[in-house]
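Undergrad: The chain contents come next:
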Amino acid sequence: MNSDVLIVGGGLMGSSIALQLAKRGCRCTVVEKDSPGRHSSGVSAGGLRLLNRDPAEIPLSVEASKMWRDIESLLDSDCDARFPGQIRVAENKADMDKLEQRAALVRSLGYQHEEIIGKKELYQLVPALAPHCVGALINRTDGYARPYHALTAFRRKAESLGVKYCSSTEVYAVAKEGEGWRVRTSQGTFNSDILVNCAGAWANNLSTMLDEAVPLTAKALMLMVTERLPHFVDPVMGAASRKLSFKQMQNGSLIIGGALVAKLDFKKEKTEIDWAQLAKSAETVVSFFPQLKDVRIVRAWAGIEAYMPDNIPVLSQSQTYSNAYHAFGFSAHGFQLSPVIGRVMSQLILDGRSELPIEPFHISRFN
Amino acid sequence: MNKHYQLLIIGGGPAGLAAATTASEHGISCAVLDEQATPGGQIYRAIESIPDQRAKQLGSEYQRGKAIAAAFRKSDAEYYPETKVWSLNKDREVGILRQDKTRIISADQIIVASGAMERPVPFPGWTLPGVMQAGAGQILFKSAGVVPDNGVVLAGSGPLLLLLAWQYLHAGVEVKALLDVTPLGNHITAMPKFPRALLAHHYLTKGIGYQIELKRAGIPMLFAVSDLRAEGEGQCQRVCFKHSGKQKTIESELLLTHFGVIPHTWLTQAADCKHQWDNSQQCWRPEHDEWGNTTIDGILVAGDGAGINGARSAEHAGRLAGLEALQALKMISRDERDRLAVKDRKWMRDERHIRPFLEKYYQIPKSLLATAEDKTIVCRCEEITAGEIRQAVRDGHDNTNQVKFFTRCGMGPCQGRQCSNAVAHIVADETLKPVEQMGHFRGRPPVAPLTLEQLASLKKEGVK
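The listed protein sequences correspond, in order, to chains A and B. For reference, each letter of the first sequence is one residue, going 1 to 367 in my numbering. For reference, each letter of the second sequence is one residue, going 1001 to 1464 in my numbering.
Treat the hints with care, as some may be off.
Unchecked claim - What follows is a set of in silico ranges between Cβ atoms, one per label pair, in the way DEER data are often shown:
| no. | chain 1 | residue 1 | chain 2 | residue 2 | range |
| --- | --- | --- | --- | --- | --- |
| 1 | A | Ser287 | B | Gln1247 | 55 to 61 Å |
| 2 | A | Phe266 | B | Arg1380 | 54 to 60 Å |
| 3 | B | Asp1076 | A | Lys268 | 55 to 61 Å |
Claimed, not checked - Calculated cross-link-like contacts (lysine-lysine; reagent style BS3-like; alpha-carbon spacing at most 27 Å):
| no. | chain 1 | residue 1 | chain 2 | residue 2 |
| --- | --- | --- | --- | --- |
| 4 | A | Lys243 | B | Lys1101 |
| 5 | B | Lys1274 | A | Lys263 |
| 6 | A | Lys293 | B | Lys1215 |
| 7 | A | Lys219 | A | Lys280 |
| 8 | B | Lys1101 | B | Lys1248 |
| 9 | A | Lys267 | B | Lys1274 |
| 10 | A | Lys280 | B | Lys1242 |
| 11 | B | Lys1215 | B | Lys1242 |
| 12 | A | Lys293 | A | Lys267 |
| 13 | B | Lys1003 | A | Lys280 |
Derived from the structure by calculation, the hints contain no laboratory data. These figures come from a predicted structure and were not determined experimentally. Positions of the beta carbon are idealized from the N, C-alpha and C atoms, including for glycine.
Bound conformation, chain B alone (with noise of 0.2 Å):
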C-alpha cells in the first residue's frame, strides 16, 4: 500500500468497483478500500463465491453482482478488502485500519462509496434479543446459507421486505406474516408520483410479481398496520400490532424489520462536507452535482452513501465520479469525460423514474420515526429511552447535539449511528419544529472504532 494515491475509493460495493474499473483504465494509481473480505458490498455479498442454488433463491438483481465483481477483477485497481476507513478529512487524508495496525494514507481525489444502512426506528421491544433488522438476515442468508428455522414474522415499509419475504418463501421458510406499516394515506399521496414510475416499469412489475407469488404462498401480508411492538421475557416471544382496529398478536421468537435504507454519511460528516436534509427520503445526505463533487474539494460520492437511488443507479453513479476524478487528475479533458459519460447519463436518469414514487408510497409515518412511547430505548449504547429525550427537550436543550450533551445519547460504541435520526425527529416532534432545523449529531472521530494498541501503531510517516 502507497502513502499516497491519485485517486482512493472508499467502498466495495456497486459505486465503488464501477468507478474503480473505470478510473484505473487510464493508468492512474488508484486503489479501493473496503471493510468486507471480497467485492460486492452489502448488496452483492458473497457475490464471487455463492453457491448457484443460494444465487437463484436470491434472484436475478442479485446476479447482477457477478459481471461487475469480474469486471472489477480485471481491472489495475489495486485493492484492499478487510481495510476499515476510521476517518477522513478536508485534506483527503485517510486514517485505515488494516490487519490490526493502523496508518494514514492520503490521495489527490477520493471517492466516498460508503452505501447505505437500515433506518433505525425504535420501537417498544425493538432490542429484545429475537428482534433484528431485515438486512441481518440477509447478510446471514448471502454470506452463509443461514435461514430462520422457526419462522419468522417480516414487519415495516419498503421494497427491501417484499424481497426478503419472496426470498424467504424460496428458501423455504416459514413467513408467519408480513407487517406493512405503510399508512394508508401513502397510496394516494404516491398517486401523483406515478405516471413517472412507470417510465422504470420493470420494478413495479417485479414488485407487483413479488406479491402475487406470497399471496398464492399463503403469506398473510397485512397492510396499514400500526403500534407495532415486540413482547416476551428475555427474548421476543410474540409480535403486537394493530390491523383494522383491532389489537392482534402473533406468537414468534423471530421479528425482522425494515423501515428503507438511508445513507452512510458518517465519513462525508467526518470530513465536513456539507449535509442536506431529503425530505422525500426522510434522511441526511451529502450534497453534491451529478458528477459526485461534494462541497469539499477532491472528494466525491457515487451510490447509496449520496442519497438512496438503488444498486443500478449507484453503478452509473459510480462511473460518473470515475471520469469526473480523472477530469480532475487532467488525465481527460472535459469533453472526454462527457463523450464516455453519455450512456452512464441517460441510463441513471432512467434508473430514477422509479424512486419519487417508491419514496412517497414508503413514507415511514411520524408516529413511528418520533416514538411516542416514553419508555421506548432510543439509544441502545448508553440506554437512553425517549421519555429521557424527551424531557431533556422540555428542560431547554432543543438541538440534537445539546440533549446529545445532556443525555449521553449518541455518545456510545455506534456513533449514533442508530439513534440520530431517532433523537432528531424527537426532538423536532417535541417543540413542533421541522426536523431539518434540528441539526445532526456533530461527528466525532473515530468514525469507527478502534482499539488503544491499534491507534497506538498508527505509523508516524503517513502524518503530515
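Just chain A, with the same shape it has in the complex (with noise of 0.2 Å):
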C-alpha cells in the first residue's frame, strides 16, 4: 500500500497527526499493533491539566487548553469534555510555599493561568475537603475527557478525511527504497515517503530501526475506580505533596490515580496491580475525603505509557533520515496536548518548522 505518510501507532497523537495531515492534502495510513487506543490512549484517566506543566511544555498546553474548549469544530464530538478546573491542595505551610514558588515562576515566563487561592475560597470550590487544608493553586479552566471517546473521535474524523488505519499490524522493519520507506509489517509492506513514529510505549523499537535508541522506559500507570456516587466535587483533585489525582466522573463515579506504577511484563504486555501502593492511595483519598471510607472500589487497572527520562515528549524531525519523524514519550501527561501535536507536528513535516516552540523536545537531547 502507497501513502505519502505512514504514521506507526493508532493512538490519540497518531491519529491527532494523521487529521491535521489529512486535512492539508496528505495521505495518510496509521498502522496499529493493537486495536486504536488499545493502550495509554484508551485507558488513560483523561485528565486536561495546563497546571503544573514542565516550562517547555507551557506554550503548546496553553494552545491546547483552547482547543479543547473548542474541540467539538475539530472533531464533530465534544468528547464529554468539562472544564471545572484542576487543583493541588496545600496541606500546610510548606506546601503553600512551594505553590507561591510555582505560581511565582509561571508568572515569570508570562502567564497567568496558575493562581493560588487561599483557605477561603477553597472551601467554598471544594466543600467536601477535610477540615485541615490551607489553600490551594487552581487553575480554572482545566478539566476532563473520556479518554476513549476522544480517542474514537480522532480516529472517525481522519477516517472520514480519507486517512487508512490498519489494525493489528505490526512493524518488523523498515528500510529506505529510492526517496521513501518500505515498511514490512505482520500484514504485508507499506510504501511511504514520510515515516511517523508515534508508537508510544513501543516507539524504542522503531528508533532503533532508525539508527537513533532512545532511553524509553515503559511504565504501567494504575488507576481505580469507584462505584457512582451522587455528585459532591467539581474540579480535578490533586496534593502539593502527596501522589494524589482525583476526579468524578460525568456519570459519579471517582477516578484515583496519582502516577502509582503496577509491575509490568513489557513483553507479554501484562500488567499486574500493586495493592499495596493502592492502599497507600485508598488512604491517601480518605485523608482528604473521610466521607468517603465507604465508597467501593469497582475497577483497577493499569495501562502502558512512554517515559522520557525528563518526563517531557519527543517531538522532532529523525536526525538520521530526514524524512522520519517523532511524536512519542508524554510520560503520563500526554492527554491534554493531544490536539495540538498534531498541528506542530504537521507543520513540522509540511512547513518544515511549527508556529509553536518544540526545539526543547527535539530527540538530540539524548545524544
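Two chains, two separate frames, one set of hints: put the complex together.
TA: Below, the structure is given as C-alpha cells:
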C-alpha cells in the first residue's frame, strides 16, 4: 500500500497527526499493532491539565487548552469534555510555600493561568474537603474528558478525511527505498514518503530501526475507579506533596490515580496491580475526603505508557533520516496535549517548522 | 490465619469441601476460604441448620450435602467463612477480605472451587422489580424458608427450573405457569445424545417424575415459548409471551427466570488462566486437565467453576484436585494418587453421561442470548441497552472489549458478570462472527468490590 505519510501507532497522537495532515491534503495510513487506543490512549484518566506543566510544555499546553474548549469544531464530538478546573491542595505552610513558588515561576514566564487561592475560596470550591487544608494552586480552565471517546472521535474524523487505519499491524522492519520508505509488517508491506513514530511505549523499537535508540522506559500506570456517587466535587483534585489525582467523572464514579506504577511484563504486555500501593492511595483519598471511606472500588487497571528520563516528550525530525519524525514519550501527561501535537507535527512535517516552540523536545537531547 | 499455606481452597461448595477433606488427611497446612457463613455452597446452602421439614421439601439431592459438610467439619482443614476473595494472581497470591480487613496471603497450591452462577439473559422487562433469577428464589427458600405468597410464574430452560417448580409445589406455593423457552428443535438435535444419557437414567427418571407430579397438580406447563417479556408500571405486573403462534399474557407480580448455569470464572480470569469457549455449554470456562490443573502452575479448578457438571460430579472433581495438589506438594506419589483416585474417576465419568444430552436439550436459542430488541437494557449497572451496543459495533468497535471501552458496558460494580456473555453474543450477532472470537471482558481486579477503607487496611507484610 502506498501513502504520503505512514504513521506507526494508532493512539491519540498518531490519530491527531493523521487528522491534521489529512486536512492539508496528505494521504495518510496509520498502522497499529493492536487496536486503536488499546494502551495508554484509551485507558488514561482523561485529565485536561495545564496546571503544573513543565515550563517547556506550557506554550503547547496553553494552545491545547484553547483547542479543547472548541474541540467539537475539530472533531465533531465534544469528547464529553468538562472544564471545572484543576487544583493542587496545600495541607500545611511548607506546601503553600511550594505552590507560591510555582505560581511565581509561571508568572515570570509571562503566563497568568496558575493562581493561588486561600483557604476560604478553596472550601467554597470544594466544600467536601477535609478541614485541615490551607489553600491551593488552581487553573480554572482545566478539566477532563473521556479518553476512549476522544480517541474514537480523532480516529473517526481522520477516517472521514481519508486516513486509512490498519489494526493488528505490527512493524517488523523499515528500509529506505528510493526517496521513501518500505515498511514490512505483520500484514504485508507498506510504502510511504514519510514515516512518523507515534508508537508510545513501543516507540523505541522503531527509533532503534532508525538508528537512534532513545532512553525510553515503559511503565504501567494504575488507576482505580469507584461505584457511582451523587455529585459532590467539581474540580480535579491533586495534592502539593502527596500522590493524589482524583476526579468525579460525568457518570458520578471517582477515578483515583496519582502516578502509581503496576508490575509490568513488557514483553508479554501483562500488567499486574500492586495492591500495597493502591492501599496507600486509598488511604490518601480517605484522608482528604473522610466521608468516602465506605465507597466501593469496582475496578483497577494499568495502562502501558512511555516515559522519557526528563518526563517530557520527543517531538522532532529524526536526526538520522530527514523523512522520519517522532512524537512519543509523553510520560503520562499527553492526553491534554493531543490536539496541539497534530498541529505542530503536521507543520513540522509539511512546512519544516512549527508555529509553537518545540526545540526542547528534540531527540538530539539524548545524544 | 497464616500468611502462607501449602494448599488454599477457594469455595465451600461440594468441590471445595471434598478437596479440603481429602487433602487435609495428609498433614498439610490447608485452609478453605468461603463467602458464606456455613459450609455447603449454593447447592447445599444452610445444609447444617435447615429444619427437617424444609430439607424434605428441597428433595433428596439436597440432603446429600449433610454428609459432605459433616466430613469436612471433622477434617483438619482450617475454615474461614464470610471471607471474600477479591484477587488472585499467577504467583498464587490471594487478596482476601474478612471482618472488614483486607490482606494478601499466598499458597503453594490453590484449588479454585468457585462454582456456578445463573446465566444472565437480558429480555424486555428483566430489570423490573419483581423479575428475579430462580436462584435468588432458591436462596430465600433454603436459608430463610421464604416463599412467594402471591404466586409465581417460572420461565426459562434447564433442570433447575423444573426442580424449583417441584420444590414450590411441595411448599404450597401457587405456580401460575411454567414457561419453557426450549425450542422444539432441541428435542431432535439432542436425540443422538440420548443413548448415553440412559447410562445416568436416575437423572432422567427424576426429571420425568417432577414433570408428572407438576402435571398432576394442574400446573400449566407450556413448551417452546418465545418472545418472553415482563411488563408493568415500575413493577412486574404481567408476563407476556408467544405460544403456539398466539400472544398470551399472565398476570403476576413475580417472575422467576432460569436459563441454566455457567461457571464462575472471574478468579481464574484474574489469575490469567487460559479460558476456552464451550460451545455445548454456551459459556467460557478455564482450560484444565482431568485433575483440574489449569494453564497456570499450581492453580487448579474443581466443580462447576471448571465447567458445568453438577453437584455430584463436583464432589468427585474436588477429591481428584485434592489428590493432585498432594501429589504436587510431594505428599503422595503419582502412583498413590492414581490408586486413591480410581473410584472418583469412575464415578465422575458415570455422572457425566447425562451432560451432553442435557446441554443439547436445554440449549438456549440465539434469539434469547443476543436480544434483538434495541430498548432492552443489557448492562444493568451502567444502564446500557442492546441498541447502544449494536450501534457501537456498527461504529467500528467490533469486539467485546472495545464495546466496553466505548459504552462503559460492564464497567459497573458487578464487573460485567451480568452482561459479559450477552455483549459477546450481541457483538457476534452484529458482526456475523462466531461468539468465541469475540473474547471475554478483560478482567479488572478487584474481583469483588472493596471499600476505600477496606483497601486502605491492607496489611503490608502479606505482600511480597
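Undergrad: Keeping to a limit of 27 Å between CA atoms, is the pair of B/Lys1003 and A/Lys280 held or broken?
TA: holds, 20 Å
Undergrad: Quick one, are B/Lys1215 and B/Lys1242 close enough, alpha carbons at most 27 Å?
TA: The given pair, whose Cα atoms are some 21 Å apart, holds under the 27 Å limit.
Undergrad: Would the pair A/Lys267 and B/Lys1274 pass a check requiring their Cα atoms to be no farther apart than 27 Å?
TA: holds, 18 Å
Undergrad: For A/Lys243 and B/Lys1101, compute the direct alpha-carbon distance and say whether it is at most 27 Å.
TA: It holds: about 23 Å lies between the C-alpha atoms, which stays within 27 Å.
Undergrad: Straight-line Cα separation of A/Lys293 and B/Lys1215 no greater than 27 Å?
TA: violated, 54 Å
Undergrad: Against the 27 Å threshold, does the CA-CA distance of B/Lys1274 and A/Lys263 hold or violate the hint?
TA: Distance ~20 Å between B/Lys1274 and A/Lys263 Cα, so the pair holds.
Undergrad: Assess, step by step, whether the Cα of A/Lys280 is no farther than 27 Å from the Cα of B/Lys1242, and give holds or violated.
TA: Outside the cut-off at roughly 56 Å; violated.
Undergrad: Check the hint pairing A/Lys293 with A/Lys267 against an upper bound of 27 Å on the C-alpha distance.
TA: Cα-Cα ~37 Å, so violated.
Undergrad: Indicate whether the distance between the beta carbons of A/Ser287 and B/Gln1247 respects the range 55 to 61 Å.
TA: At roughly 60 Å between Cβ atoms, B/Gln1247 and A/Ser287 fall inside 55 to 61 Å, so the hint holds.
Undergrad: Could you tell me whether the CB distance from A/Phe266 to B/Arg1380 stays inside 54 to 60 Å?
TA: violated, 37 Å
Undergrad: Verify the proposed pairing of A/Lys219 with A/Lys280, using a straight-line Cα cut of 27 Å.
TA: Holds, because 19 Å separates the two Cα atoms, which is no more than 27 Å.
Undergrad: Does the Cβ-Cβ separation between B/Asp1076 and A/Lys268 fall within 55 to 61 Å?
TA: Check failed, 39 Å falls outside 55 to 61 Å.
Of the numbered hints given earlier, the model fails hints 2, 3, 6, 8, 10 and 12; all others are met.
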